[in-house]
Each structure stands twice: as C-alpha cells, then as structure tokens.
Amino acid sequence: MTYLAKPRLLAATAPRNALGYTRRDYEGAISTLCAGCGHDSISAAIVQACFDLDIEPHRVAKLSGIGCSSKTPDYFLGNSHGFNSVHGRMPSVLTGAALANRNLIYLGVSGDGDSASIGIGQFAHAMRRGVNMTYIVENNGVYGLTKGQFSATADKGSKSKRGVVNSDNPIDLAALALQLGASYVARSFSGDKEQLVPLIKGALRHNGPAFIDIISPCVTFNNHAGSTKSYDYVREHNEAVNRVEVILPRDRIETSYPPGSLRRIVQHDGSILHLRKLGEDYDPTDHIGAINHLQERHALGEIVTGLLYVDNSAEDMHRHLNTVEKPLNQLGDAYLCPGSKALDALNASLR
Amino acid sequence: MSAQPTPIHRSNDFVIKFANVNGSGSASANELFARAIIRMGVPVTPRNIFPSNIQGLPTWYEVRVSGEGWLGCRGGCDMMVAMNPQTWDRDLAGLDAGGYLLYDSTKPMPRSKFRDDITVLGIPLTALCNREYSDARERQLFKNMMYVGALIALLDMDFAVAERLVADRYRGKDKLIQANINALRIGHDYATSHLDCPLGLRIEAADKVGNRIFIDGNSACGLGAVYGGATVAAWYPITPSTSVIEAFTAYCRKYRTDPDNGMARYAIMQAEDELASIGMVIGAGWNGARAFTATSGPGISLMQEFFGLAYFAEVPAVVFDVQRGSPSTGMPTRTQQSDLLACAYASHGDTRHVLLFPEDPYECFALGAQAFDLAERLQTPVFVLLDLDIGMNERLCAPFDWDDERRYDRGKLMSHEDLEAGKNFGRYLDVDGDGIPYRTIPGTHPTKGAYFTRGTTRNAYAKYSETGADYIYNMERLRRKFATAKDLVPGAVARPATRPTRIGAIHYGSTGPAMAEALAMLEREDIHIDSLRVRAFPFGDEVMQFIADHDFVFVVEQNESAQLRSLLINEGEIDPKRLVRVLHYDGSPITARFIATHIAEAVTDRKVSPIGQPVRKVAP
Ligand SMILES: Cc1ncc(C[n+]2csc(CCOP(=O)(O)OP(=O)(O)O)c2C)c(N)n1
Ligand code: SF4
Ligand SMILES: [Mg+2]
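The listed protein sequences correspond, in order, to chains A and B. First residue of the first sequence? That's 1 in the numbering used here, and the numbers climb one at a time after it. First residue of the second sequence? That's 1001 in the numbering used here, and the numbers climb one at a time after it.
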C-alpha cells in the first residue's frame, strides 16, 4: 500500500483550467490501493478528464458499489459528493440520485465483481433505462478486495495465481451494454492513458448511458502468466479500433489528420468527438456491426478497445419520464403540495 | 339441522356476504351496494376476500352493516348472495341459523342442497340476463347489477340512491348509466313481484355517517405521499401494496402535472426488483428528494442490507409496508401484522428503525405525509406499516385535512450560505446534542461541504476510520438520535375505561375498530379495560407509563409470535409476565368477538378482580 502523503505545496506555475482550478483541485484522499494497481491510473485519468473539461467539481456525484475499484471515488474529486453504497447495487442508487436531480453529472465506478457478478441485474437495467451517466467498470477479472477469487469477467481457461483454471464462460460487459441500449460504449486499458482520458471525456459529455469497460490489472492477484487481465497480456492482445479526441464547443481548433481517416461526431451537448481510425474500417455508429465485431475479435482472443459505439441522438431516462426541467429536489412546497382546497374537493368526491 | 328458527329480524345491523367468481366483474356492483347503504346514512365496512389469482377462483365480498358504527370485522353471516356454484356447500354452511340465501334459480337445485333453518330466495338471474342481453360479457356484468337491484328491494333500500350512484360513477356516459340502471331495475322488479319484500333484514335511513369519507388505505397512502412532498417513487409490484403506487401515479397526474407544459413534477420508476427499488429511494433521498417505495413482506426481506446502509449512512427514506400473511409467500392476499420485528431491527448489526402504525385511511394519509418530514428530520428510513385489511379495503374514516400554513420540515440541511459563512461542517458531528447531524446535498457548494458517504465506519467529519472510539461515538449518537425520534413520532392514543381498572390492553394499526367494539362488549360483561393504541416505534414515555399503571396488559395483535409484545419487552425492559398475548393470525381480519372472548377467558382464568383502583407505578 502507498502511505506517502501527497505534497500539498503547489508550484505557482501549475496549469489552471478555464475555471481557474488546478489538477490538484480534482484530486481526492490518498489512495490505499496496492502500488501499481490499475485502478489508481484510472483515478488519475478521471482527474485529468474533469480538469480538461473544466467541470465544476461539485456538479459531479460519484457513486460506487463495493470492492477495491469501488473505493476509488474517495481518491479523486474530493470536492464532489460521493456515495460508496452496497455491493452490486450502485446502479440503483445512481438511478435514484439521477431521478432527484437531472442537472448533475453522474459518475458510477464499479468493479467486474460488483457489476458482472452480484450486480449484473442492476447493471443491465440501468443501461436499459437510459440513465444519463458515465459508468466505469475497473475490470481485473478477480475480486481484489476479497483476495483474488475469479469474477464473472475472467476468461475461460485463464489461470488464477494459485493455478486454478477458470472453466466458466466470461461475461463481456461492453457487449452486454451494447445490447442493452447503452448509447456510448467504450473499452480501454488502465495502462493506456492516451486512449483512456479522451474516452472518459467523451462519456462525461455524452447524453444517456455511457459505459466504459477498463481493463485494470490487479497486481496483487491477477498479473501473472496465464492471466488474461495482466499488463503483459493486455498489451499483447489489444486491438484499438480508433483514437478519440474530444473537442469542446468553446475551442473548435481543427486538428490536422490525413484526409479520410478522421470522423467527426457531434454529441447532444455540442461537443465533438474526433475519431481517428486505426487499421481497418470500423464504424462506431453501426450498432449491429459493433456487436459483431466484438464477438468476432473475442473469438480470436483479441481485446477490442476504443470507442465501440456512440449514438449522438440518444434520449435519457428523464426524457422518457417527461420530468420537469427543474431538478425534483429543488421543487418547493408550492409546487408539490396540492393544498387544502384540493383536498376538500377530493373529500367531497369520496362520500 | 335444527328446528325451524325464526328468520333473523334486524335493521342496520347485519353481515351480508357475496360469493363470486374472481374476474366476473362483481367487485364494482358489490361496491355500489355498499356505497348505497352509506348514502342512506348507515355505516358499512366492506372487505374483499380474494385468492392470489386473476380469474376463475372464488372471491367473497363481505359487507358489515352497523348502525352503531362498528367498523371491525364481525364474523358470522346473516345473508349470503351465493353466485359461485363451486363454493356453494361452504357458503351455505357459513350462514347463521335464521339467515337468508339469495341464489340464481335458473337451474333447479335438489332440496338436499339447501338448509331448512334459513330463508331461501331464488331469482333466475341467468335466465333474466339471457333474455335481456345477447353479449356474453354483458350477461355476466349485468347479472351482478341485477342482484344488487334485487337486494335493494329485499332490504327495503332507496332505489333512487342507487340510481344517483350509478349516474355519478358513469358521469358523461349516458348509455352506460341507462344500461346499469336498467339492470338494477330488472332485479328490483323481479324481487318485488316474486319475493316477500322486505326481509327481516332491513336498511333504515339514518344519519350515522356524518362527513366521513370512504376510501381504501393504499389510496390514502399514495395521496399522503403527494401531500408529503414525495417526488420520487421506486417500486416493484407485489400484492397488497401495488395500489399504493397506482394511487400515487393517479394523484400525481392530477395534482403534479405542470399546467404550462404538461411535464411531471414527479418520477415513478418500476424497478427490476426490490433491491433496486430501495436503492433508488436511497439514492434519491441522499440527493435531497423525498422518495419512497411501497412493498410487502418479501420485499422487506430483500431490502434488508440497504436499510442498514440508510440507517448507518443516515439517508432519509420512506417505506410503505402493506403487510400480508407470511413467512415466505405465505398468504399473499390475506392480512397480518407480522413484519414488525423485520422492520424494527431491519438489517444486520445494531440497527433500529422508526415505524408508524396507521389505524385507518385517514391515518394512512396523515402519517404517510408525516413520514417524509420524520425521514428528513431524522435522516433515516421511516416505515409506515399498514396491512391488507386497511390497505385494500375501503373504510369509512374522517375526511382528510391539511393545514396550508404547514411547511415541509427538510431537517438539518447546510446551505450554500451556511458554508459560505464558514459554518463548521462535520457530516456526523452532533452539534445540537440531539444526535442529528447536519447534511449537505450534492451540488451545494463548489469547494465546501462535499463529503463521502459510506457504510463503513468514519469519524465525525466523514473520513474513513476503523478506530473503536470513532465507531462508538457514532453508535452512541445514533442511539441519541433514536431517543430524539421518540418525541417526534405520533403519540399513543389512550381510551380509558368508564371505571378505574387495573387491566390494560395495547393494540395498533388495523386492530383499532375491532378493539373498540370488543371493549364495549366486555364492558357489558362488567370487564373494564383501559386501552392504548400505539402509533409509532420508538415508543413514547406514555406507553411505558401505561404498562406501569396496570397490573397486566393484554397485547392484541395479528401475528403468531407476538411481535409488538417482544418489542415492548425488549425496549422497555418489561417483565414478560405482565404482557398477555392475544393473537389472531389465520389471515382473516381480527374480530371483536375474538378479542372479547379471549380477554374474558383470560380475566376469568387469572381470577383477578377486573375492577379496582389502578396501582400507580413509575415506568421502569
Ligand atoms: C453483499 C456482499 N457480499 C460480499 C461482499 C464481499 N466483497 C467485497 S468486495 C467483493 C468483490 C469485489 O470485486 P470487484 O467488484 O471486482 O472489485 P475489485 O476489488 O476487484 O476492484 C466482495 C465479494 C460484500 N461486501 N457484500
Ligand atoms: S488487491 Fe488488486 S485490485 Fe485491490 S488494490 Fe490491490 S492490486 Fe488493486
Ligand atoms: Mg475486480
């Protein structure tokens, strides 16, 4: 574990974003995870993404379940409210929070055990419902916090640290999210910050359920030979379909890419996703194509990463419910209570 | 069979039961019958007795008519409207001697199928319907209206009252009004011309209803949630609680639709299960909206871990638990009060929850609305425990009232201004000595007041801590908070006997009306009992004082394990011998006869003199 306190003194030259905040303003408590744990890199990527997007920290609500991964919201965005709930049930808590106030940014952080094992039901239903959120699974193929048992994302044939071979079929959460109606689906690797940060930024600016499956090696229990979630294995089998850059409406600088290799997708809020294609043609707006591609590559033992799917016209849960624009948690008595006159009329109808 | 007893002669005091087939559309006709009596100024209490099935199984609708105003279940049956051949034998056997049987005489029945000690009234309902209607569905539906029409004649009721009710019900649909009145008329005319009208049983117009309203408890809960300011409801269907949400939905549409743009000032989410519904409620409560769920026993079981989280992380939530026969799936369509302990100490570890026990729809509304103030003031889950008997049956009760000066008590919230002014914010700090800390709502302030909510131990400033002292500080504060709750929850309602007595009786919830009647019956036998209706947990001091003031106290409840008694013993450190169980738990509502018989026997067995000066003891 890392017990080193972070230096609190800031260099006067530390870069500031449009709100005048430094990266430090987006950090949280000191991590208590194992040194080298993939989850810490993801926390750093979240800090970077929020800094880059000039997000006001208090406009974010962080929610998680239980696990090493679910502890991490304590370690980033210290000026945001956080809720470390119960195992496998972050999606429902997040959904309720989102119902109460449609104007915050909801960031759900979970683990593969938390989302694919105990929480698979809630995971599925939150995607179906179109909850406007960024849902991150820090996927290490094991239960880190309970000391390395296989989780439901462990690949068939992968070997545990103790030499046990997993014989169950794995759940691919990205494929599931696609099928269930998530409108932004990505996969990435905690060891690839260049790829990860923009994917998180795109998700945070997305309207609707955005899901990112992030392979995040557990150095203590699942980083050995025979594991398919180790740093080495993921580096060797990573097949990135694209590279994303997020351009905010405020700074529309055209980046120069070779013609034909760039695709622009304008999201609901005006932000632009610049997609640089890698390798063969991959269309992230083709829902069925995306599902097929994941299946095909999985059969070949490859890990497909990048922005897998995006629907920039997706609707969210509040739209389905036709709720008022003003957050429900801010409606005053006068908007909520029908009063005594209405009650008298109702009484009269009940006689 | 006994020798011919004289037919029962009683006005405004009898029980009439309708035996129907589930799904045959009888419910609305039967309800019309009950309402017609109420409109004649005579109190009635109807009860649905129905199986857990949608179509084809037997159902009964029991209407107790009581000019004296007793609203509890009475037991027995003076008249049976036997419309279900399947249950004929049972229905016939359940009729009191001297009672009346109304049946469909289209097909002749052998004499052996009847009893000689009752009055048999045959009306060829099927034949009348077949003559009048060609459509199969109409034949079925209007058959129900026909027997209601016949009853109006047989019981000497006012036909015009029923006509007006039909007109009110189908206002604007003239065709339907005419068709229904026509069916009523056919039944009425047949009875008048072929049967000896009126019978010994009669309805006499009176003035005993007053300004009371007639509504079911679940609807009242839904309305209470609207008035209580609930904006988020998350639920999963389960009998007998589903209609709480249905009512909330209907009242929200009516009262909470933005007049300018038709948008909803509420959000109702049908969750995938109860784990999710309570999770949503807690997420919404954490985020500053008033949120609730409605469920029944099995749902309560599933929600346990979340209740513990909400208790420990101090998140407001309201839970309507409409209790049914348990354990397991038990008797899903029957009534019980058997979730008390599961709710009072819900979840693992040292938890304690606030419970409210409404007696009737009026209190379902009032306590239902109050639950939201309590939940936010105390930052904890609040359970409204009603049961199927009051939840799913219409009941006469006081009209709902609301004070327009009343403002929602949002509890101890730290605002942007407070934080800006530099107020010290410790999420779990007991600033006021009442155990209730201050909280902030996400989004309040850019740099101050954010905290991390967790189910693990933390210090007063919400920082992770496994230190024993921090844990104990927190648990002792939660204990103080529960003591504070004692003074905020609705107090118990005392009903002293007409004479000094050393015997007391405690009851709660839907037992109220049967209890009141039982006390009157006992008084006639010279058994005098002070009664106390408990309305909430934690128990106020008045409850312990009441027990201290009596030699022994009957605890009357509708479960097998005497759950309220256990709570009293546990929380009040009462000598168990002083609390005598009176338990009814066969799934039917408790009756006055049951209570009175059991108490009378116990009093005789104990050879105590029921009359005497109360010994004033100080509450332990
Ligand atoms: C209801 C319940 N069951 C079991 C546990 C024990 N538990 C804690 S974390 C965990 C697994 C976490 O795995 P994962 O979500 O993959 O997180 P990781 O630690 O790998 O990041 C389990 C089983 C619990 N906290 N609650
Ligand atoms: S056990 Fe594994 S998942 Fe948990 S902190 Fe250590 S490396 Fe990370
Ligand atoms: Mg894991």
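The set of hints was computed from the structure by calculation and includes no laboratory data. Glycine residues also receive a C-beta, built at the ideal position from the N, C-alpha and C atoms. It is possible that part of the hints are untrue.
[Said to hold, decoys possible] Over the 12 Å line for every Cβ pair with chain A, so calculated as not near, a few chain B residues:
(1) G1069
(2) P1085
(3) D1089
(4) G1094
(5) G1229
(6) A1313
(7) D1404
(8) M1544
(9) S1561
(10) G1587
(11) T1604
[Claimed, not checked] The list that follows gives simulated cross-link-like pairs (lysine-lysine, DSSO-like), each with its CA atoms no further than 30 Å apart:
(12) A:K326 to B:K1412
(13) A:K326 to B:K1173
(14) B:K1412 to A:K161
(15) B:K1173 to A:K341
(16) A:K147 to A:K161
Just to be careful, I want the Cα atoms of K147 of chain A and K161 of chain A compared with a cutoff of 30 Å; is the pair within it? holds (10 Å)
Is the nearest CB of chain A more than 12 Å from the CB of D1089 of chain B? D1089 of chain B is indeed farther than 12 Å from all Cβ atoms of chain A, at 38 Å.
Determine whether the non-interface label on G1094 of chain B survives the test: each CB of chain A must be over 12 Å from its CB. holds (31 Å)
CA of K326 of chain A to CA of K1412 of chain B, is that 30 Å or under? holds (23 Å)
Minimum Cβ-Cβ distance from A1313 of chain B to chain A exceeds 12 Å: Violated: least Cβ distance 8 Å, not greater than 12 Å.
May I ask you to check that P1085 of chain B keeps its beta-carbon over 12 Å from the closest beta-carbon of chain A? holds (36 Å)
What's the verdict on K1412 of chain B and K161 of chain A, does the C-alpha distance respect the 30 Å limit or exceed it? violated (50 Å)
Non-interface claim for T1604 of chain B, where every Cβ of chain A lies beyond 12 Å: holds (43 Å)
Checking a non-interface call: every C-beta of chain A should be farther than 12 Å from the C-beta of S1561 of chain B. Is that right? holds (29 Å)
Hint check: K1173 of chain B vs K341 of chain A, CA-CA at most 30 Å. Holds or violated? Cα-Cα ~27 Å, so holds.
Non-interface claim for G1587 of chain B versus chain A (Cβ beyond 12 Å): holds (28 Å)
30 Å limit on alpha-carbon distance, applied to hinted pair K326 of chain A and K1173 of chain B: violated (39 Å)
Hint compliance for this structure: hints 5, 6, 7, 13, 14 are not met, and every other hint is.
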